[in-house]
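If you read the protein sequences in the order shown, they are chains E and F. Each residue of the first sequence is one higher than the one before, counting from 1 in our numbering. Each residue of the second sequence is one higher than the one before, counting from 1 in our numbering.
Rather than coming from a laboratory, the hints here were simulated on the basis of the structure. Beta carbons are placed, not taken as given, at the ideal position from N, Cα and C, and that holds for glycine. Among the hints, a few may not be true.
Unchecked claim - List of simulated lysine-lysine pairs, DSSO-like, C-alpha gap at most 30 Å:
hint : chain 1 : residue 1 : chain 2 : residue 2
1    : F       : K247      : E       : K15
2    : E       : K325      : E       : K389
3    : E       : K362      : E       : K376
4    : E       : K350      : E       : K300
5    : E       : K404      : E       : K437
6    : E       : K404      : E       : K300
7    : F       : K127      : E       : K15
8    : E       : K437      : E       : K389
9    : E       : K138      : F       : K256
To be verified - Stretch-level coverage of chain F by chain E, calculated; a stretch enters the list once three of its residues show a Cβ under 8 Å from a Cβ in chain E:
hint : region
10   : 221–234
11   : 274–285
12   : 289–301
The lines below spell out each chain.
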Amino acid sequence: MNSPSDRERGLRQLKRAARRAERRLRLSAALTRAFTALPLLLLASVAGLTFIKVVRPSAAVERGLTTAIIAGLAVAVVWVAWAALRRRPHLVGAERLDVYHRLHDRVSNALVFSELPAAERTPMMELAIQDGLEHGQKLDPRRAVPFHLPRELWLVAGLIVALAGIAQLEVRTVRKLPPPPALAAPLLTEDDLELFRERLEELARTSQDPEQSAAIGRYNALLEDIAARRVDREEVFRRLAELERELNRDLDADREAMDEGLKSLARELEKSSLTRKAAEALQEKRLEDAEKALKELAEKLSRQKNKPSRAELEKLRQALEKASKGNRERLAAIDRQRQELQAERESLLKKKKPDAGALDPKDQRALEQNQRKLEKLDRDRARAERSSKQMDELDKQLAEAARKLMQEMGEAAKHLEQSGESLNRMAQKDLTTEQKKELLRRLEELREVLRQQGKGGKEQLERLRRFSQRARGQSRPGQGQGQDGKGQQGQGKGQPGELRIGRGSGQGVEIDMGQSPGSSQGQSGQGDSQGASAGQGRGLGHDPNIQGDPTQLKGETHDVSAAGVDSGQGTASAEVIYGAASRGFKVDGYKDIFVRYETVAEQNIEKDEIPPGYRFYVRRYFQLIRPRE
Amino acid sequence: MSDTEQTREEIAKFSRKLAELREEIGKMIVGHRDVVDGVLTCLLAGSHVLLEGVPGLGKTMLVRTLAQVLGLDFSRIQFTPDLMPADIIGTVVLDENAQGGHVFEFRRGPVFAHVVLADEINRATPKTQSALLEAMQEHRVTVGRNTYQLEEPYLVLATQNPLEMEGTYPLPEAQLDRFFFKLNVPFPGRDELARIVERTTGGHQVELKAVVNREEILEMQALVRRVPAAEHVVHYAISLLEATHPKHKAATDLVKRFVRTGSSPRGLQAMVLAAKIGALFGGRFAASADDVRGAAVSALRHRLLLSFEGEAEGITSDEIIADLLKKVEPGKGA
């Protein structure tokens, strides 16, 4: 130990031992603190977990508890880390070694003196270093700084076991879960949907008009949305109303445009004796007759004998030429008028004073009038365009016939014949109009079914079903033979013109709504059910009893239809009937009621409250509804 | 021979002399090893010691023995209430010279010795007690206009009886502070008593011889001062000292409650110097915290002034210091 190298090695050994002892001291201190903090933390965790398991607090409370425990853990970690890492006296490890080995600070002093510069070291210090080296050869830091089992160890272990146990336990608690999002109840049954789809397919097959096909597509989309429950009741009714509005608007516009075009054609053709018959037919919208008349004329022209005179032919040519140009000329006239009105409007607007920002009252009125005229012309133009489009082919054929008439009779006849065919096609187009009406009826049916589905649920449906049976004098469902328009309970799938209620084929109740074409006043059936509605569309003829000319209004009015949005909240027709019926079919005898009402009517006739011209009708009515014995 | 080897030789000699001293004293004094070591510590520190114990424990015997084995001049002063300072220091007398003339001559008092026994020091009046102050602190005596240096080594060993309070004058704090150690002479145990009886009641005569001379003692005192005390040891002693002051943050609860005034810095000096001597006694070359702990009680007990509550509770300064030693651990204060 006397050589410098031995001395250095010995000192390094001392230092190493001292550092190790110091590390153990730090670790020991950290463990002591950890075992002081752990029971508290574990207790808090056990309490918190128990609270969460038993009370099932809200997520916010649970989160708060967890955060508090984590915060406590963080504080404990910092506290423990501070114990391990805080600055300690330089010789703390060496002193512990001295104490344990009873060296009376020999190691500490040796390390202290060895760190001094050699010049400052006294002989006594050198001796102290040597003494420290001699006594410090068998230092044992492990024994000098032993790790004792903390007293809290068992408590900590117990708490950990408790915590693990509580974490495994599941305390049953009644927890009110929010109700699952309710799937919207189906608006239509599968059977009803299937029925509507089939009918729609039939319509689609016969559809020729692209607008109608588009409407059918939208209708079909609506049905699919209903089937997939993507739409609610309100949405369905809104879309139905929208679809109906569009169909009605197209119908009105088409009808008006065709009426106008045919009238214009009729006016021109009337000027020639050869086409007068066709003109009359066109005037009365008898397109088949007009076609027939034109074909007859074509045949007449193609025949060699009894040909019309040249003057007649010239007249015919002029009539045909004018007729062919009618629509275009009308369109051009409208455009001219429109341009004039537009120019007038611009001049009026120029009068507007820049500073005042308004016209004088006179000009303002003129401007408003101009605006109204422009709007009317826009409507007229749209109508004329539509008419021109509808009658384009006919116009071409007529123009060609006029051009060939004086040159080659045969060709002219051929073109006249083709004109007749064009009229036939227009008649076919009228058929398309009928198909649109049919589609409208389907929409109405769908609305009716939806209304019934929405009111009172299954019980109401069952009541309606029983009511319908009773109304038909049937006692049990499923026995009648399906007869269209008879208002009987049918088997199999429903036919057009039927309103089907209920589920499953063969057991549905069918109510004839009396809407099939041509059966406007159909009195149906053998039971009590009757056709629910009159025929649609306006009449085409006149009452034969009318005296004088038919009413001719001079004012140019434009029909405007205003329809409210059907939200489905109203009462279905079947419900109205059922409501009336449920009050009783037979409260008083019909005979008594008839007598009572007829008496009142007679009294009013006597008092001259009914005009003489109508008294006949009143009496005739009561005669018709008199009770049969 | 290198300095280290020479120092080692000096220390070895020191140890040998110390062993001889112990052995020689042991021939006369039965037991009281700690008291003997304490007295020797004070001797080597060049300071003074206050021995406290009931009469008959051998305090005076110990001092006389020590004086004999050290080969130093010894004087004994029996303090009584009528003892005057001049009785201690000495007095100027009118003397006739050889020519028949008269001259004033200073007659040296008992304080002029290497080892002075101030027996029952608390029986003298404070005036007389304070006559020792200069001698103890400065190792010199001033009489009139003349100052007389006391020869080194100079050691005052005072004794006092803790039981008899009647007619006594407790030593003032300033004088107490000048004592390096205050040693309590305990009552001997059974074995020791038996040996005392054996030695004092038989025909056995002990011939003591001086085992060290004055020069050797001075060498030993010089060697003691060369013993190093590392910083952590000094800091530990400082921590102990600070803890004796009730107003200090390191003060223990007992100190705060029962101590009026803590130790003066002389207490710290005494602890560190005694630690150095303790290291040499232990055959070591540097003072340790253990040495400080070993010296703390003797160095601090007479320097703590108990409060009224402490007096009333019967708390002793030894208990307070023991508590301090438990609470103030080595290394914590460094």
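Taking the hints in turn, this is what the structure says about them:
no., hint, verdict
1, K247/F with K15/E, "violated (38 Å)"
2, K325/E with K389/E, "holds (13 Å)"
3, K362/E with K376/E, "holds (21 Å)"
4, K350/E with K300/E, "violated (61 Å)"
5, K404/E with K437/E, "violated (40 Å)"
6, K404/E with K300/E, "holds (15 Å)"
7, K127/F with K15/E, "violated (57 Å)"
8, K437/E with K389/E, "holds (21 Å)"
9, K138/E with K256/F, "violated (43 Å)"
10, 221–234, "holds (count 7)"
11, 274–285, "holds (count 4)"
12, 289–301, "holds (count 3)"
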